[in-house]
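I would like the entire structure built from these sequences, with the hints used as guidance.
If you read the sequences in order, they're chains A and B. If you use numbering that gives the first Met the number 0, the first sequence corresponds to residues 0 to 242, in order. If you use numbering that gives the first Met the number 0, the second sequence corresponds to residues 0 to 313, in order.
Warning: the hint list may mix true and false statements.
Straight-line Cα separation of at most 25 angstroms, PhoX-like style, residue types lysine-lysine; simulated pairs [as the list claims (entries may be wrong)]:
(1) A:Lys110 <-> B:Lys296
(2) B:Lys200 <-> A:Lys70
(3) B:Lys27 <-> B:Lys108
(4) B:Lys174 <-> A:Lys137
(5) A:Lys137 <-> B:Lys296
(6) B:Lys200 <-> B:Lys174
(7) B:Lys145 <-> B:Lys174
(8) A:Lys137 <-> B:Lys308
(9) B:Lys200 <-> B:Lys108
(10) A:Lys202 <-> A:Lys137
(11) B:Lys202 <-> A:Lys110
(12) B:Lys108 <-> B:Lys296
(13) B:Lys76 <-> B:Lys174
(14) A:Lys202 <-> A:Lys219
(15) A:Lys70 <-> B:Lys202
(16) B:Lys202 <-> B:Lys296
(17) A:Lys202 <-> A:Lys65
(18) B:Lys308 <-> B:Lys296
(19) B:Lys108 <-> A:Lys70
(20) A:Lys110 <-> B:Lys200
(21) A:Lys186 <-> A:Lys202
Hints listed in this document are in silico derivations from the structure and should not be mistaken for laboratory results.
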Amino acid sequence: MSHPLEITNLVKRFGGLVATNDLSFHVEQGQSVGLIGPNGAGKTTVFAQIMGEHRQTSGTIKLYGKDIGNKTTPERIRLGVSRTYQVPRPFSDMTVLENIRVGQMSSSIWKMITTRPNHEREEEIAHSVGFAEADLHKTPGELSMGDLRKLEMARTIATGTSVMLLDEVFAGLTVAEIAQIATLIQKMRSDGMTFLIVSHDLKALEPLVDSLVAINYGSKIAEGSFAEVMGNASVRESYLGVV
Amino acid sequence: MTGIRWYHLALWIAFVAIMFVMPQLVSKGTLRIIIMANFLAIFAISWDVLSGRTGYISFGHPFLIGIGAYTSAILTKRFDVPLEVAMPIAVLMTMIGGIIVFLPALRIKGSYFALVTLAFMELIYQLVQVIRPDLTGGTRGMSGIKTITRGAVSNYYLSASLLIAIAFSMWLLMKTQLGIALSAIGMNEESVRGSGLSTTKLKLFAFLTSAFVAGIGGAFYVHYLGSIAPRALFDINFLFTIIVAALIGGASTIIGPIIGAFFLTFLLEFLRPYLPGAERYFIYGMVALLLYMYQPKGLIALMHTGWNKLTGAR
Ligand SMILES: Nc1ncnc2c1ncn2[C@@H]1O[C@H](COP(=O)(O)OP(=O)(O)OP(=O)(O)O)[C@@H](O)[C@H]1O
Ligand SMILES: [Mg+2]
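Printed below as a string of structure tokens:
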């Protein structure tokens, strides 16, 4: 059985800087893996390579056993992987529902023209991430940071993804918003979604993951259960700044 | 921003009705002015479908319109090709031109893209003068080009029907999910890709649609005027009139460019007795700029707020 996501010997160089250094790990079906590391460790760069926004220098990325190395971003999304952004990137002049609609659209222009938007599904997705009825017709400018993150997740869900990459979903959120998003992730886990989650907020991350991968300077320094990785000496040194 | 409502259809019907009775209401001279406004509106819609939506600002629309106009003019005048054959070929050629303008959009955006498209306009201006002047008429252009119909009234009805047909079909098209996807590109192209849509396909479609409209407009325009003058066609003032019409009317809408085109055409006519030369363009530039600074969403947004104030709605 092939894994939903499998990364092997991934290397990414930006000029002289090695942002990803011979990194290998995989995520099993329905599992949730946390990807942690200090600022600049290369977490976002891993996401960018999985999505094809940056091409890796070498190494392979497989989705359900299929090498996606030379696919475009939209093609990868159609194969079932999708991400949220550390800094939300909504469509600023569109309502919440319209933002979700873009994620939901068929990629065929003919279908865009001939099929009507599926309003029920849009609303269902919006409600599932916790939007209230009154929010559905708001534009991103009227939303809080927490709502913008929900919107990112909603648009990602709308693409029909089965592997979700979340980049710093808890950054800039209130305690209540963190709890809300955590509940949402838990619900999606129980529905069978596969996750790779980047977060600095380890306390919020702990209950959401089955295992952790820790990286520093682009290299893997530890892998295992939350407790194992947290107990690892080099993780404590590099990441937590304690020995 | 989406959804078709009853008052949309009511507005369309009102628009068609007004256009229909217009010849009874105004003089032949005014009718001639409105014909020009109709063509300007078609060009502005063509520009807006591409640039107003996707944010890829084209300075090359005279290039596209020129391909349509020259192709049809040359085919009918030099080769005696009948109009009904020449005009579709002209539209097809313009769409090929649209693909040429699209190519730089694969790699560059923003002002760089706009400048490259400006180069296309300059290029065709030079080309028509140098390459086969026996066909293009060189610097002097062409005259005695076959016209489709005669007289102000029938030409008015022809141009008005064309405008209505184009505007209505573009409006319907932009009301579909495609319209949303194209607008999304203008807001955040990366996020469109991140939503699983191919921006390359979408942009190509926008360029082809824009060129299709520009080609139709260009071909009908040249067979209305009966002549073609490269210096007036491949002219920065002509280009800015198109862009300003779309912007002051209200970009990313269909009715906006129509309103803008009528406003500009009549503004220019109004200024003509006082400022016969190119200074007129300076004045309208100022008017457009002020209006744009006051309400970037254009006249259509101003009218909307005005209407809401009148009716007491929010
Ligand atoms: N496009 C780029 N060009 C050059 N260097 C880059 C580029 N993107 C990222 N980097 C560098 O790669 C390294 C890893 O960056 P990345 O954003 O992946 O880190 P991160 O782990 O996500 O950090 P943070 O926790 O701050 O989000 C950094 O040193 C960064 O400066
Ligand atoms: Mg990051």
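Taking the hints in turn, this is what the structure says about them:
Distance restraint check for Lys110 of chain A and Lys296 of chain B: the Cα-Cα separation of roughly 30 angstroms exceeds the 25 angstroms cut-off, and the hinted pair is therefore not satisfied. Straight-line distance between C-alpha atoms of Lys200 of chain B and Lys70 of chain A comes to about 15 angstroms, which keeps the hinted pair within the 25 angstroms bound. Proximity of Lys27 of chain B to Lys108 of chain B is assessed by CA-CA distance (about 44 angstroms); at most 25 angstroms being required, the pair is judged violated. Straight-line distance between C-alpha atoms of Lys174 of chain B and Lys137 of chain A comes to about 20 angstroms, which keeps the hinted pair within the 25 angstroms bound.
A hinted pair counts as satisfied when its Cα atoms are at most 25 angstroms apart, and Lys137 of chain A with Lys296 of chain B qualifies at roughly 19 angstroms. Distance check on the hinted pair: Lys200 of chain B and Lys174 of chain B sit about 19 angstroms apart at the alpha-carbon level, within 25 angstroms; holds. At most 25 angstroms may separate the alpha-carbon atoms for a hinted pair to count; Lys145 of chain B and Lys174 of chain B exceed this at roughly 37 angstroms. Of the supplied pair hints, the one linking Lys137 of chain A and Lys308 of chain B holds, its CA atoms being roughly 22 angstroms apart against a limit of 25 angstroms.
The suggested pairing of Lys200 of chain B with Lys108 of chain B holds, with an alpha-carbon distance near 16 angstroms, which does not exceed 25 angstroms. Taken as a hint, the Lys202 of chain A and Lys137 of chain A pair is broken in the structure, with Cα atoms around 32 angstroms apart against an allowance of 25 angstroms. Distance hint between Lys202 of chain B and Lys110 of chain A is fulfilled; the C-alpha atoms sit about 16 angstroms from each other, no more than 25 angstroms. Taken as a hint, the Lys108 of chain B and Lys296 of chain B pair is honoured in the structure, with Cα atoms around 22 angstroms apart against an allowance of 25 angstroms.
Simply put, Lys76 of chain B and Lys174 of chain B have alpha-carbon atoms about 39 angstroms apart, too far for the 25 angstroms limit, and the pair is violated. Taking the CA atoms of Lys202 of chain A and Lys219 of chain A, the gap is about 21 angstroms. The hint holds against a cut of 25 angstroms. With a C-alpha separation of about 19 angstroms, the suggested pairing of Lys70 of chain A with Lys202 of chain B holds against the 25 angstroms cut-off. About 23 angstroms separates the Cα atoms of Lys202 of chain B and Lys296 of chain B, which keeps this hinted pair within 25 angstroms; it holds.
For the hint pairing Lys202 of chain A with Lys65 of chain A, the CA-to-CA distance comes to about 34 angstroms; that exceeds 25 angstroms, so the pair is violated. Our distance criterion of 25 angstroms between C-alpha atoms is met by Lys308 of chain B and Lys296 of chain B, whose separation comes to about 17 angstroms. With a C-alpha separation of about 23 angstroms, the suggested pairing of Lys108 of chain B with Lys70 of chain A holds against the 25 angstroms cut-off. Between Lys110 of chain A and Lys200 of chain B, the direct Cα distance comes to roughly 13 angstroms. Compliance with the 25 angstroms bound is thereby established for this hinted pair.
Distance check on the hinted pair: Lys186 of chain A and Lys202 of chain A sit about 18 angstroms apart at the alpha-carbon level, within 25 angstroms; holds.
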